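Novice: Sequence:
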Amino acid sequence: MTTKNLTFVLFTGLFAGATSQTPLQSPTVVSVSNMSGSFDNNGGYEISWINNETPDNKVDSFVIYRYKSWNTQDNKPQYEEIAKIKNTGGTSYYRFVPDQELSSVVFFAVEAIPANKSLYTASSSNLTRIPWVNAPSNVLLTYTIDTCNSQITLRWNRYRAWDGLSKLNYRIEYVENNNTPKVISINGSDYLVNDTSLTLPSGNLSSFVFNNGSTYRFRVTALNFSTGYSCVSNVVTYLSKVPKVTSYINADGTRVLSKNTLEVTFSVEPGNEFKNLVIQRSLNDVSGFEPVDTVVLNGDMITWRDSVDDLTKNQYFY
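To convert, take the position in the sequence shown, counting from 1, and add 24; that gives our numbering.
Wrong hints could be hidden among the right ones.
Distance condition first, Cα-Cα at most 30 Å in a straight line; then the derived BS3-like pairs of lysine-lysine [said to hold, decoys possible]:
hint, residue 1, residue 2
1, 82, 100
2, 92, 108
3, 100, 110
4, 191, 92
5, 141, 108
If you are wondering where the hints come from, they were derived from the structure by calculation, not from laboratory data.
The structure displayed is predicted, hence computed values, not measured ones.
Make the full structure from the sequences, and use the hints.
Specialist: Right, here's the structure in full:
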C-alpha cells in the first residue's frame with residue numbers, strides 16, 4: 025500500500041467592506057464649566073471632553089448636542105445640534121453661549137464622527153443616554169434671601185458628568201467688593217461633600233460674616249479628586265444691605281371715631297429704614313394676635329383705622 029502526505033493550507037482574509045479596526049467609543053465629557061475663572065463671567069459654558077479615538081480609527085469631527093426634553097412616547101431624549109467642529113487633539117473644547125441668561129440646568133452630549141465614515145456606529149455617540157438628566161450638565165447656582173435673619177441660602181444642582189463617583193466635592197468661593205477671592209471654610213474644611221446647599225452665615229461658618237453694605241459674588245466649583253477635573257458654576261451677586269432696625273414702635277393710643285370704627289396711633293423711632301409694618305390684633309393681651317393689615321411707613325407716625333364688630337370687647341393691637 026502506498027501512502028502520501030497530505031498538507032492542508034488554511035487561507036484567511038477580509039472580504040471587501042470588512043474591517044478589523046477597533047470600534048470608535050463615544051467621547052468622555054469631563055466638564056461643563058463657566059467659560060472663565062473670572063468672577064465677572066456669566067457669558068456661557070466651556071465643554072471639555074476626552075477624544076477616545078484609536079490609532080486605527082481616527083476622529084474627523086465632533087458634533088455637540090443640547091438636550092431639550094424627554095419623549096415619553098418612544099422613551100428617547102429630544103435634542104438639537106448646536107455645533108460641529110473639527111478634531112484638534114486628544115482633549116477638545118467648545119464654547120456655548122446660551123440664548124437666554126443662565127437660568128436653567130443645561131445638558132449636553134458629544135458625538136464623534138470617524139474619519140472613515142464606514143466605521144461609524146452608534147457607540148460613537150452618547151446621545152441616547154438614559155435617563156437624559158444624568159447627561160453632563162452645567163452647575164447652576166441660585167440663592168434665596170432670609171431678610172428676617174439676614175441670611176442667604178446658596179443652592180446648586182449635583183454635577184452629573186462623573187459617573188460612579190460616590191463623593192462629589194464642592195468648593196464655595198466668594199469675593200467681597202473688589203477684594204481677592206476667598207474660600208469659605210465649613211467645619212474646618214474647604215469642601216462640602218455631596219451637599220448642594222449652604223446657608224450664610226451659620227453656626228458652622230464661624231469665619232464668615234456679612235459686612236453691611238458690601239457686595240458679594242459667589243460661585244461653586246465641583247471637584248473630582250481622582251481625575252483632577254473641575255466644573256465651575258455661574259456667578260451670583262448679593263448686596264448685603266440690611267435696613268436699620270427700629271428700636272421701638274410705641275402704641276400711643278386709640279379712639280372711637282364712630283359706632284364701629286377705631287383709630288390706632290403708633291410712633292416709630294426716627295431714622296429707621298423699614299417701609300412696611302404689619303399690624304396685628306387680638307382679644308387677648310398676651311396671645312392670639314393675628315395680622316389684620318400691612319401699612320407703608322411714611323415718616324415717624326402711623327395712624328390706622330379698623331372696623332370692629334363689637335366695641336364692648338377689649339381690642340389689643342401689636
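Novice: Which hint numbers does the structure go against, in order from smallest to largest?
Specialist: Violated hints: none at all, because every hint is consistent with the structure.
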